[in-house]
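Just need the whole structure built from these sequences, with the hints factored in.
2 protein chains.
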Amino acid sequence: MDLTPYRAEKIKESDYGILAKKFGLSLLNPEILEKIKKHTKELHFMLRRKIFFAHRDLEWLLDEYEKGNKFFLYTGRAPSGKIHIGHLVPWIFCKWLQEKFDAELWFQFPDEEKFLFRKELSLNETEKWTYENMLDVVALGFNPKKTHFLINTKHASLLYKHACMVAKHVTFSTVRATFGFTNDSNIGSIFYTAMQAVPCFLPSILQKKNIPCFVPLGIDQDPHFRIARDVLPKIGFYKPALIHCKLVPGLKGVGTKMSASDPTSAIYTTDTPEEVREKIMKHAFSGGKETIEKHRKLGGNPEIDVSYQWLYYFFETDDRKLEEIYFSYKKGTMLTKELKEYLIEKINSFLKKHQRAREKAKKILDKFIFKE
Amino acid sequence: MDLTPYRAEKIKESDYGILAKKFGLSLLNPEILEKIKKHTKELHFMLRRKIFFAHRDLEWLLDEYEKGNKFFLYTGRAPSGKIHIGHLVPWIFCKWLQEKFDAELWFQFPDEEKFLFRKELSLNETEKWTYENMLDVVALGFNPKKTHFLINTKHASLLYKHACMVAKHVTFSTVRATFGFTNDSNIGSIFYTAMQAVPCFLPSILQKKNIPCFVPLGIDQDPHFRIARDVLPKIGFYKPALIHCKLVPGLKGVGTKMSASDPTSAIYTTDTPEEVREKIMKHAFSGGKETIEKHRKLGGNPEIDVSYQWLYYFFETDDRKLEEIYFSYKKGTMLTKELKEYLIEKINSFLKKHQRAREKAKKILDKFIFKE
Chain Z
1 MDLTPYRAEK IKESDYGILA KKFGLSLLNP EILEKIKKHT KELHFMLRRK
51 IFFAHRDLEW LLDEYEKGNK FFLYTGRAPS GKIHIGHLVP WIFCKWLQEK
101 FDAELWFQFP DEEKFLFRKE LSLNETEKWT YENMLDVVAL GFNPKKTHFL
151 INTKHASLLY KHACMVAKHV TFSTVRATFG FTNDSNIGSI FYTAMQAVPC
201 FLPSILQKKN IPCFVPLGID QDPHFRIARD VLPKIGFYKP ALIHCKLVPG
251 LKGVGTKMSA SDPTSAIYTT DTPEEVREKI MKHAFSGGKE TIEKHRKLGG
301 NPEIDVSYQW LYYFFETDDR KLEEIYFSYK KGTMLTKELK EYLIEKINSF
351 LKKHQRAREK AKKILDKFIF KE
Chain L
1 MDLTPYRAEK IKESDYGILA KKFGLSLLNP EILEKIKKHT KELHFMLRRK
51 IFFAHRDLEW LLDEYEKGNK FFLYTGRAPS GKIHIGHLVP WIFCKWLQEK
101 FDAELWFQFP DEEKFLFRKE LSLNETEKWT YENMLDVVAL GFNPKKTHFL
151 INTKHASLLY KHACMVAKHV TFSTVRATFG FTNDSNIGSI FYTAMQAVPC
201 FLPSILQKKN IPCFVPLGID QDPHFRIARD VLPKIGFYKP ALIHCKLVPG
251 LKGVGTKMSA SDPTSAIYTT DTPEEVREKI MKHAFSGGKE TIEKHRKLGG
301 NPEIDVSYQW LYYFFETDDR KLEEIYFSYK KGTMLTKELK EYLIEKINSF
351 LKKHQRAREK AKKILDKFIF KE
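For the protein sequence lines, the chains are Z and L, in the order given. Counted from 1, the first sequence has number 48 at position 48 by our numbering; the numbering is strictly sequential. Counted from 1, the second sequence has number 50 at position 50 by our numbering; the numbering is strictly sequential.
Derived from the structure by calculation, the hints contain no laboratory data. Please note: incorrect hints may appear among the correct ones.
What the hints assert, rightly or not - What follows is a set of in silico ranges between Cβ atoms, one per label pair, in the way DEER data are often shown: (1) Z:G180 x L:D184: 15 to 21 Å; (2) Z:A177 x L:I235: 27 to 33 Å; (3) L:T4 x Z:R226: 27 to 33 Å; (4) Z:E132 x L:T4: 42 to 48 Å.
C-beta atoms are modelled at their ideal positions from N, C-alpha and C, and glycine is treated no differently.
Right, dumping it as structure tokens:
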């Protein structure tokens, strides 16, 4: 298994431990969760459920925090299509961290990345998606006073120079080994990781002091930060601390991905209630039995049931309620149709609120875009 | 022989024809010189003397000009040290072209380039040199209304996005073959050529129409423009036309280079009259004989005499006067000391005027820096 941001791999639940070991990540153990809880009072369900499951240097980050050396948050989105439920996981966690630790958040929109990696994508398209995707981020309710959007092409005067500082310490051999590039890779894609590294130390540059950086991210993004962590101490900055989340399974089953190009694989933030109903009813892979009779008798399998998994990853934040569903479904007292109805109700209620906030975001978006 | 911007080679006069053939350049023949003269009335001495000696697509450029499709000029300087006499050759020619063709000039200062290619150079240093080098360009007397400085890190919001458009069409294989990169080359140096390509089409983007681009350049810069010429038609722009000059020999002899790091190899624009005298007297390689008696009898060799070559390349624009010196020196009636005195007088008179203009440049520099 070889997971990079640019090579899609099917990931099963059991793969995460293997990946963590292979990447050299630390797992989130009870001690470190306790250490987080000391400051946050409660643990976010994504921590309780080990959706965020691994980290790099989180202990160091919390030690620094306890010494009064506050961190800032950094995450991002490469605009290339609609936002789906899976994209929201690290962002919602980011928002919780922002609130609990009163942290500044730097949010990068590398609008050149997917243009460089996808032959058919134009800069006009990524520009359109940058706007659309920013609305989704704003809609989640981040604090506009503490949230700073960086759009790579627009903020290049701020980013490119510092990307060169990183790039000077990264060889072609390194990016080839890290991302699987070949001699036919284009020179923009080869350079790109340097642009992604910049927000790890840009706030330190702007404030003229070394500030710890904390990055919540999907585990597929870890390779970029392996490079950033290697280079940053060489140019005088802390290594960014990372916390890694699992990837929400696509509708077609655990181990599949949600994709912007396949509407039957994902729920997008702009889907209508009818689209949601149809997608869940028709395409959400079910762990139930073929007939109601058999299901009542033998029960379903929540581990492979995408509707259950989505409640677990995102839509049912109440652990007791989730447990109840788990056992009812497993025993067969809850039917697939009932489970799906429950999920549809949850999704549509979330999207109704989100879409309203997304409309309002158009008016306040400008407050989020970083002004030099 | 393998000349790139990043591998210094000793170049003899006889090598230029070989290089032109190897690179696939056209030589400036009498027909094309005539075609230039039709518009300029006279030929610059750098054209008469074949200091500018080769080109790509210059006929096409002039045809377009005759059809009313005016070109803009593009040249540049990677700041990394003092400006020496050799640097001024293409710029002085550029100024003449600007005047004769009433052309806009885009002047790029890629302040990241040498930082990326030289281990010991910092961005603070390149920033300092950017300012110093800009003063030298302004001092040459370009028209501030028609001359636009682009500083790569400062204008990155304008440049990086368009560099990505180029980069998408350039593979690692291509830059490896063109510049001699290896797997150990850093990813900033690999990407850099895309930034150098941008001014070839930036004016077309800003004015929303395809405008021919004309680049006077030292022949060592040709590799960058081979890539630009390959890519530009793929993204909807004309190939830039080029005109190539030979490299002024260093003080230590024909075939050596002037260097910013070896003060005995070059005259810098900031040298004092005493420094000029000492450098020329002590270090300018002489084609004269060991004794005055022998020189009077056998004569000197202007072909290998750096003082004569500098008059040829730069300081004696009067062809008849130059010819007189050539034959007096060759016959032995002119002594090395006399030739050197003549050159010193020429250099110091040029530098006196240049240094005065360079001081004044501090006040008007801002007019030259492109405002978006």
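- Satisfaction of the hinted span 15 to 21 Å by the C-beta atoms belonging to G180 (chain Z) and D184 (chain L): holds, 19 Å
- Message: Assuming the hint says 27 to 33 Å, is it satisfied by the Cβ distance from A177 (chain Z) to I235 (chain L) or not?
- Response: The hinted range 27 to 33 Å holds for A177 (chain Z) and I235 (chain L), with Cβ atoms some 31 Å apart.
- Item | Range hint 27 to 33 Å (beta carbons of T4 (chain L) and R226 (chain Z)) holds or violated | Holds: the Cβ-Cβ distance is about 32 Å, inside 27 to 33 Å.
- So does E132 (chain Z) sit 42 to 48 Å from T4 (chain L), Cβ to Cβ? Between E132 (chain Z) and T4 (chain L), where Cβ atoms are some 43 Å apart, the hint holds.
In this structure, every one of the numbered hints holds.
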